[in-house]
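Student: What follows is each chain in one-letter form.
Protein chains: 2
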Amino acid sequence: MTKEKLIEEIKRKKSFLCVGLDPDLSRIPKHLLEYDDPIYEFNKVIIDATKDYAVAYKPNLAFYECLGTQGWETLKKTEAYIPDNCFKIADAKRGDIGNTSKYYAKAFFEDMNFDSVTIAPYMGADSVKPFFEYENKWVILLALTSNAGALDFQFSTDTKGEKLFEKVLRKSSEWGGEDRLMYVVGATRSEAIADVRSKVPNHFFLVPGVGAQGGTVAEVAKYGWNRDCGLLINSSRGIIYADDSENFGAAAAEKAKELQVQMAKILEEKEL
Amino acid sequence: MTKEKLIEEIKRKKSFLCVGLDPDLSRIPKHLLEYDDPIYEFNKVIIDATKDYAVAYKPNLAFYECLGTQGWETLKKTEAYIPDNCFKIADAKRGDIGNTSKYYAKAFFEDMNFDSVTIAPYMGADSVKPFFEYENKWVILLALTSNAGALDFQFSTDTKGEKLFEKVLRKSSEWGGEDRLMYVVGATRSEAIADVRSKVPNHFFLVPGVGAQGGTVAEVAKYGWNRDCGLLINSSRGIIYADDSENFGAAAAEKAKELQVQMAKILEEKEL
Chain A
1 MTKEKLIEEI KRKKSFLCVG LDPDLSRIPK HLLEYDDPIY EFNKVIIDAT
51 KDYAVAYKPN LAFYECLGTQ GWETLKKTEA YIPDNCFKIA DAKRGDIGNT
101 SKYYAKAFFE DMNFDSVTIA PYMGADSVKP FFEYENKWVI LLALTSNAGA
151 LDFQFSTDTK GEKLFEKVLR KSSEWGGEDR LMYVVGATRS EAIADVRSKV
201 PNHFFLVPGV GAQGGTVAEV AKYGWNRDCG LLINSSRGII YADDSENFGA
251 AAAEKAKELQ VQMAKILEEK EL
Chain B
273 MTKEKLIEEI KRKKSFLCVG LDPDLSRIPK HLLEYDDPIY EFNKVIIDAT
323 KDYAVAYKPN LAFYECLGTQ GWETLKKTEA YIPDNCFKIA DAKRGDIGNT
373 SKYYAKAFFE DMNFDSVTIA PYMGADSVKP FFEYENKWVI LLALTSNAGA
423 LDFQFSTDTK GEKLFEKVLR KSSEWGGEDR LMYVVGATRS EAIADVRSKV
473 PNHFFLVPGV GAQGGTVAEV AKYGWNRDCG LLINSSRGII YADDSENFGA
523 AAAEKAKELQ VQMAKILEEK EL
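Chains as they are written, first to last, in the numbering used here: chain A, 1 to 272; chain B, 273 to 544.
It is possible that part of the hints are untrue.
Cβ-to-Cβ under 8 angstroms is the rule here; a few derived chain B residues that face chain A [to be verified]:
1) Cys338
2) Lys443
3) Glu446
Calculated cross-link-like contacts (lysine-lysine; reagent style DSS-like; alpha-carbon spacing at most 25 angstroms) [said to hold, decoys possible]:
4) A:Lys167 - B:Lys435
5) A:Lys199 - B:Lys435
6) B:Lys435 - A:Lys102
7) B:Lys409 - B:Lys435
If you're looking for bench data, these hints aren't it; they were derived computationally from the structure.
Cβ coordinates follow ideal geometry from the N, Cα and C atoms, glycine included.
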């Protein structure tokens, strides 16, 4: 998907919501366990219920890989079920030497049809660049994550006063432009979002951490907004586990709509 | 596998060789393409041919994921085929928030029976710790990688003079002991291996980069040795693609044996 198309969808749906598809067999409604592929049934209902409110979907690969071969098949079917006007994110956090990264790119961009994949920056340029070789496909690079462990290394300050996440922003923005590269910026560090925005004014951010992890849409928009909106705010558990009865689809729709309404208001205020 | 058992196998086989199982459909011998699962056939021959010379096997997940569901099935069968007296490494370079990492741990330690998984450190403690919850299972954390991109971030020096990879060593060695945690230390930076060894004297290193990438066994042993040997030296392409005819097994055995002979000599010199 191109950046222009993504912005068009944000304006059309009045939303910059990403729904995280992190399904856990022990948490999905019990009646689904009768199906051959309960996770796929769950995802289909969630996607149908939320697709008017979301512009992006983000399956987290751990939740599929832990189910083995069946899980990988479910992931593939889920990707295919997500409507093509939604931005599809493989939340895989891959990254390896160049020779290997090109096979990961093949997995997500050829064997499946994701628009983007999340990548860890530790191994540097050649672990990221192979993903840019696919037209209209994106890298979403970990910059500043929402978890407690983010403090272990991401804020390390070098002798020039540059923090590690700032160095990741600076160097990686030499590898890929704003039409191919986004950053993961956690909602739980709202002051830091402003810092990230000042370093990369034009790139989109994928923002996890709203809802169960504590961030809010208003805070994220306050610090992270740019002229294109520049934000995809993810909610996973708050939407997909809103209800564990047969009504879980309607409950998910309601939670997604709540977030979309907040986003529509912000888009209106910002005149986008 | 316990550390004691691993050291016992190193002494018994007089080897600290790890064979990297990175099979590519375009590079394996053509006659294998007639099989239902050519990659599995390839891996079986390679494992049979090298198991007297290798103490560890390391499938790189990218090479399986790019084949979709079939690739995941091949990975699972391959893991099951590797003899249990070999240390099994899922070279996955995972790492996510704690809530997610525990599902990756489940994938590699429950759905499959790997002894260890490679992990990227960028997201910090809570992305690593869930893997320690499995008895006798290991984390192999990226410290200093063998690729060019390693220079982008891993050598960043903080205000206290500590490089990022040194900080990764220091902090992570508080999370897991030498009986549960190894480090990836690339063979292409031999001087730096000595630096890593001085920081973590007792941990095992998984060392890629020997062979196709340019490092040598002697150099790695010179700088990385410890009282337990402390090294698993990986070779992938140099062994598995030694020949592309029907004789590829014998050619792989020969290449593995060449490395094992070098290792036996070092073990003898070191009186281990």
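Student: Restraint: lysine 443 of chain B near chain A, CB-CB cut 8 angstroms. Satisfied or not?
Tutor: holds, 6 angstroms
Student: Does cysteine 338 of chain B pass the interface check with chain A, least Cβ-Cβ distance below 8 angstroms?
Tutor: holds, 4 angstroms
Student: For a C-alpha distance cap of 25 angstroms, please report whether lysine 435 of chain B and lysine 102 of chain A respect it.
Tutor: violated, 28 angstroms
Student: Regarding the pair lysine 199 of chain A and lysine 435 of chain B, is the alpha-carbon distance no greater than 25 angstroms?
Tutor: holds, 23 angstroms
Student: Given the hint that lysine 167 of chain A pairs with lysine 435 of chain B, does the C-alpha gap stay at or below 25 angstroms?
Tutor: holds, 14 angstroms
Student: Report holds or violated for the interface hint on glutamate 446 of chain B, using the least CB-CB distance to chain A and a cut-off of 8 angstroms.
Tutor: Since chain A brings no Cβ nearer than about 10 angstroms to glutamate 446 of chain B, farther than 8 angstroms, the hint is violated.
Student: So if I understand the rule, the pair passes when the alpha-carbon distance is 25 angstroms or less; does lysine 409 of chain B with lysine 435 of chain B pass?
Tutor: Violated. Lysine 409 of chain B to lysine 435 of chain B sits at ~28 angstroms, over the 25 angstroms cutoff.
In this structure, the earlier hints numbered 3, 6 and 7 are contradicted, and the remaining ones agree with it.
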